[in-house]
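If you're matching positions, the sequence shown starts at 1 in this note's numbering and goes up one per residue.
A portion of the hints provided could be inaccurate.
Unchecked claim - Restraint ranges, calculated between C-beta atoms of paired labels, are given here:
no., residue 1, residue 2, range
1, N197, S233, 30 to 40 Å
2, Q91, N197, 20 to 30 Å
3, S175, E67, 55 to 65 Å
4, H30, T232, 34 to 44 Å
Said to hold, decoys possible - Below 30 Å or equal to it, Euclidean Cα-Cα: the simulated BS3-like pairs (lysine-lysine) are:
no., residue 1, residue 2
5, K8, K93
6, K191, K207
7, K207, K6
8, K93, K191
9, K31, K147
10, K215, K191
Simulated from the structure, these hints should not be mistaken for laboratory data. Since the model is a prediction, treat every value here as computed from it, not as a measurement. Beta carbons are placed, not taken as given, at the ideal position from N, Cα and C, and that holds for glycine.
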Amino acid sequence: MISKNKIKYIHSLEQKKYRKTEGVFVAEGHKLVGDILGHFDCVYIAATSEWLADNATRIDRNTEVDEVTDEELRRASFQETPQQVLAIFRQPKYDVNPALAAASNLVLALDDVQNPGNLGTIVRLADWFGIQHIFCSLGCADIYNPKTIQATMGGITRVQVHYVDLPDMLSSLPSSTPLYGTFLDGNNFYKEELTQNGVIIMGNEGKGVSPAVSKLVNRRLYIPNYPTGRETSESLNVAIATAIICSEFRRRG
1 MISKNKIKYI HSLEQKKYRK TEGVFVAEGH KLVGDILGHF DCVYIAATSE WLADNATRID
61 RNTEVDEVTD EELRRASFQE TPQQVLAIFR QPKYDVNPAL AAASNLVLAL DDVQNPGNLG
121 TIVRLADWFG IQHIFCSLGC ADIYNPKTIQ ATMGGITRVQ VHYVDLPDML SSLPSSTPLY
181 GTFLDGNNFY KEELTQNGVI IMGNEGKGVS PAVSKLVNRR LYIPNYPTGR ETSESLNVAI
241 ATAIICSEFR RRG
């Protein structure tokens, strides 16, 4: 059984300020919670008897657990159709040197990507393409938003997301670091030389890459439409554009 106070507490974690104060985030569903268990410290689980029976050996003895009915889980959940389990995990803390990360591999930098679903999908893409670090500007969506966590599909366990003053971080990198940005006036990226290290910068859904970041980019790219010159949509969704860009980088690797 789950108390009213616990439900109230869970619902408070839908707001960033409470997630930040508590240093936790919520994950839901047997697949996602199963993927995250063992990677991050789990402090609370509300689950059906069936889920608890199937996962008893995976639950740390220090984790608070409530066995709940489907109706109780529905009252606690952020989803319309919750699936067996809701869990609260501690937010991980990372320490990374951006220069070293960009020197040894590709990293992503997101300039005010504000849609939680887009951010979560980009984390999932980074996981697929072996990109371990994403540097988010301070104006980006919160990685620990429940919608974002859901959209990562477990990628959050293998991709480290860092919030930084993006212009300052990019300015601090060695001048030899490739800084790729996507622009409507950039060069056809299928014809450009692409490295297997550096920073790929993706911009805001409506405004693209900000002026402060744009002036730091040293390799401007454009994803051409097909056929060239045909009237088409104004731009691509940022997550879709990220998938296309990352796929081509890795194809060249």
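Open item on the list: So, against the hints stated earlier in the document, which numbers end up violated here?
Closed with: 7 and 8
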